[in-house]
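**Q** So the chains spell out like this:
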Amino acid sequence: MGETPPEADNGVKKPKASEGVSVNGPTDFDGAVFEIERQIKDLEALSRKHGVDFAENIATLRKQQDQILRALVANLSPWDRICMARHRDRPTASDYISQIFSSFIELHGDRAFADDRAIITGLGTVDGHPVMIVANEKGRGVKEKGKRNFGMAHPEGYRKARLKMLLAEKLGLPVVTFIDTQGAFPGIGAEQRGQALAIAENLKTMASLRTPILALIIGEGGSGGALAIGVADRVCAQENSYFSVITPEGCSAILWKSADKRREAAEALKLDPRSLMTQGIVDEIIPEPLGGAHRDPRRASEILKAAILRNLAELRMTGLEELLRARYYRYRRIGSVVEGV
Amino acid sequence: MSWTNWRKKLSLRTKKEVPDGLFLTCEGCQKMIYKKHKEEGMEVCPECDYHFYLPIQKRLEMLLDPGSFEERFADIGPTDPLRFVDREPYETRLKKVQAQTGTKDAILVGIGSIQGRKAALGLMDFRFMGGSMGSVVGEKITRITECALERLMPLVILSASGGARMQEGALSLMQMAKTSCALARLSEAGILYVSVLTNPTTAGVLASFAGLGDIIIAEPKALIGFTGPRVIKETIKQDLPPGFQRSEFLLEHGLIDMIVHRRDLRERLGQVLQFCPERPASPGREEDPSGRHEALPLWQRAGETAHASATVPPQVVK
Ligand SMILES: [Zn+2]
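Residue numbers (numbering that gives the first Met the number 0), protein chains in the order written: chain R, 0 to 340; chain D, 0 to 317.
Wrong hints could be hidden among the right ones.
Claimed, not checked - Subject to a maximum C-alpha distance of 30 Å in a straight line, what follows is the list of computed BS3-like cross-link-like pairs (lysine-lysine): (1) R:260 - D:117; (2) R:256 - D:37; (3) D:232 - R:146; (4) D:232 - D:94; (5) D:95 - R:260; (6) R:62 - R:48; (7) R:256 - R:62; (8) R:256 - D:94; (9) D:95 - D:35; (10) D:57 - D:117; (11) R:146 - D:236; (12) D:236 - R:256; (13) R:256 - D:232; (14) D:94 - R:260; (15) D:117 - D:94; (16) D:34 - D:117; (17) D:117 - D:95; (18) D:34 - D:57; (19) D:232 - R:142; (20) D:95 - D:57; (21) D:57 - D:30; (22) R:142 - D:236; (23) D:95 - D:34; (24) R:304 - R:169; (25) R:146 - R:304; (26) R:40 - R:62; (27) R:142 - R:304; (28) D:57 - D:37; (29) D:236 - R:260.
Said to hold, decoys possible - Computed, partial: chain R to chain D, Cβ under 7 Å: (30) 186; (31) 223; (32) 243; (33) 252; (34) 254; (35) 258; (36) 266.
Unchecked claim - Just a sample of chain R residues kept apart from chain D, beta carbon distances all over 10 Å, derived: (37) 222; (38) 227; (39) 267.
Note that these hints are calculated values from the structure, not bench results.
Note that the structure is a prediction, hence the values are computed from the model and not measured.
From the three backbone atoms N, C-alpha and C, an ideal C-beta is built for every residue, glycine too.
Please put together the full structure from these sequences, using the hints given.
**A** Following this line, the structure appears as structure tokens:
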């Protein structure tokens with residue numbers, strides 16, 4: 000040993016789309032509105048073909064669709080939200096980066112081992128304000144997903160993120176992170192190169208980084224692998240995202256000793272943004288277009304951008320020492336214990 | 000009859016024939032070992048040096064100068080913040096484990112001396128729900144870290160954990176951030192933190208405070224890793240290399256500083272602590288016999304103290 004080829008698990012089989020690494024298709028949710036969408040499309044086609052005006056019918060159908068969506072959204076279970084967070088068509092970090100930031104300059108590599116494509120880092124400006132961007136990137140489509148390792152980073156990804164955050168500190172740039180990962184990659188090379196230690200080092204670095212940090216949960220907040228870019232002054236979660244200590248599937252397998260209790264696990268883990276807010280873990284919920292970000296990515300970006308601008312403006316107003324003190328207490332307060340009994 | 004002969008004789012027998020409670024099969028070498036020998040040898044297999052679980056009280060005896068341990072924050076206990084129910088309510092589980100172990104949660108913290116050197120200490124108990132980190136472990140690690148900073152004494156934590164406690168959901172996950180925040184402050188004040196990894200130390204605990212030691216020591220053959228071997232195997236659909244995620248594997252890959260046999264741990268820790276600068280004790284802080292600690296407001300004072308003392312030139316004591 001010792002001479003293990005360095006590319007050990009970069010060369011190793013990556014999970015394929017068919018291997019159950021969450022490449023969800025349409026949710027149940029989509030099924031319910033699909034029929035109406037089909038009818039609208041049919042009417043539009045008919046209208047073009049025969050020159051008949053179905054505008055009134057279409058308007059009625061759209062209203063119906065809207066009502067159904069509203070009703071569905073009002074009753075989303077935690078598991079439904081997870082399906083939305085994992086939705087095949089959900090915008091990924093690079094979609095948001097290209098929509099929200101201008102002059103994005105990607106910075107690669109951890110200066111030691113490799114450039115982990117599961118994490119994107121780089122410089123960008125949002126409405127003229129320069130920032131450092133650090134993002135989990137899942138990729139879309141089989142090829143791209145493979146390249147991005149389904150958004151599951153190796154230690155070099157976390158080390159790259161850490162280096163770029165230290166650069167942000169040096170340049171006095173706020174850090175904006177986009178969280179969207181099932182978790183850190185479980186592999187031989189990842190362990191050999193210290194997956195856990197890389198994550199731990201990031202937590203410590205972010206705890207005392209002398210520049211504002213804004214974290215945005217845009218999909219999956221999968222455990223330590225997500226937290227590794229998620230220690231921040233402000234944590235905002237999109238409406239259909241989650242942040243959890245373990246995936247509902249993993250929790251089901253371990254606690255229920257069964258593969259099919261993921262719905263119950265999702266419920267029990269209180270991992271949805273609203274519950275997270277009551278736990279003091281999430282500060283703000285960022286709304287999504289009706290029916291989810293994937294139904295209107297452009298609008299989703301606009302809403303997200305507004306939230307970024309507002310939060311950065313607030314963080315810029317805070318003095319550095321006060322910022323660090325508040326960051327410390329933000330985490331210091333989280334948890335529930337009894338004392339003196 | 001010598002021990003080896005005994006063993007040879009015994010190994011011919013099947014498990015069921017062995018008188019109950021006298022012998023057991025070693026998890027490390029699968030050989031039959033005499034329980035008494037294991038117990039007398041600090042719960043280490045006399046055949047292969049496999050380190051078994053060592054009860055916390057025995058750990059204390061083994062590591063600290065006699066009578067020097069002072070428990071802190073003993074009255075902090077768990078709650079069931081999510082009203083978590085799987086096959087059994089978390090509350091019920093907690094009560095059962097508390098009754099079995101006689102402790103409130105998976106960690107003991109306090110102050111004690113190791114070979115004459117005072118240190119803030121944390122010891123995790125794997126018997127309590129797999130040493131999982133929920134709010135209590137996170138809170139007590141954070142408080143003992145703050146205590147180390149306030150008193151300007153080195154911190155030593157012995158970990159044994161399967162990771163974050165699922166029943167407290169994301170609150171458990173956030174304890175990773177919380178403990179790391181406290182350790183970042185300790186680091187900035189220039190205070191040494193030694194992390195000792197015992198079998199097993201994995202997942203969220205390794206990926207936070209246990210992985211942040213300035214010096215990281217592991218007991219031999221301990222399982223140390225982020226993801227459990229079974230999950231890795233299932234994901235990559237490959238066999239794992241021999242010795243994967245054991246202490247020796249981590250040492251070879253440059254992830255830890257040293258492997259220390261349990262019988263040498265006290266001496267080695269004592270030697271290491273000699274290298275950390277002696278600083279004046281925090282002034283103006285009364286001993287609090289209840290062990291209770293108003294962590295938040297005191298903290299600011301502690302920060303000032305740590306800053307002020309940074310101007311005192313550090314010195315190595317013999
Ligand atoms: Zn053995």
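**Q** Are the hints correct? Go through all of them and say.
**A** Against the structure, the hints come out as follows:
1. R:260 - D:117: With Cα atoms ~49 Å apart, residue 260 of chain R and residue 117 of chain D exceed 30 Å; violated.
2. R:256 - D:37: violated, 33 Å
3. D:232 - R:146: holds, 21 Å
4. D:232 - D:94: violated, 35 Å
5. D:95 - R:260: With Cα atoms ~24 Å apart, residue 95 of chain D and residue 260 of chain R stay inside 30 Å; holds.
6. R:62 - R:48: Answer holds: residue 62 of chain R to residue 48 of chain R is near 24 Å, not above 30 Å.
7. R:256 - R:62: violated, 44 Å
8. R:256 - D:94: holds, 21 Å
9. D:95 - D:35: Within the cut-off at roughly 29 Å; holds.
10. D:57 - D:117: Answer holds: residue 57 of chain D to residue 117 of chain D is near 19 Å, not above 30 Å.
11. R:146 - D:236: holds, 19 Å
12. D:236 - R:256: holds, 21 Å
13. R:256 - D:232: Since the Cα atoms of residue 256 of chain R and residue 232 of chain D sit roughly 18 Å apart, the hinted pair holds (cutoff 30 Å).
14. D:94 - R:260: holds, 24 Å
15. D:117 - D:94: violated, 34 Å
16. D:34 - D:117: Between residue 34 of chain D and residue 117 of chain D the Cα gap is close to 34 Å, so the pair fails against 30 Å, i.e. violated.
17. D:117 - D:95: Judged against 30 Å, a Cα distance of about 35 Å means the pair is violated.
18. D:34 - D:57: holds, 16 Å
19. D:232 - R:142: Cα-Cα ~23 Å, so holds.
20. D:95 - D:57: holds, 23 Å
21. D:57 - D:30: At roughly 24 Å apart (the allowed maximum being 30 Å), residue 30 of chain D and residue 57 of chain D satisfy the hint.
22. R:142 - D:236: Between residue 142 of chain R and residue 236 of chain D the Cα gap is close to 20 Å, so the pair holds against 30 Å.
23. D:95 - D:34: Status holds; Cα separation ~27 Å.
24. R:304 - R:169: holds, 25 Å
25. R:146 - R:304: holds, 27 Å
26. R:40 - R:62: holds, 15 Å
27. R:142 - R:304: Cα-Cα ~29 Å, so holds.
28. D:57 - D:37: Holds, at about 13 Å.
29. D:236 - R:260: holds, 24 Å
30. 186: Status holds, d = 6 Å.
31. 223: Constraint on residue 223 of chain R satisfied, holds at 5 Å.
32. 243: Holds, about 6 Å.
33. 252: violated, 9 Å
34. 254: Holds, about 4 Å.
35. 258: violated, 12 Å
36. 266: violated, 10 Å
37. 222: Not fine: 6 Å to the nearest Cβ puts residue 222 of chain R too close to chain D.
38. 227: Label violated. Min Cβ-Cβ 8 Å, cutoff 10 Å.
39. 267: violated, 5 Å
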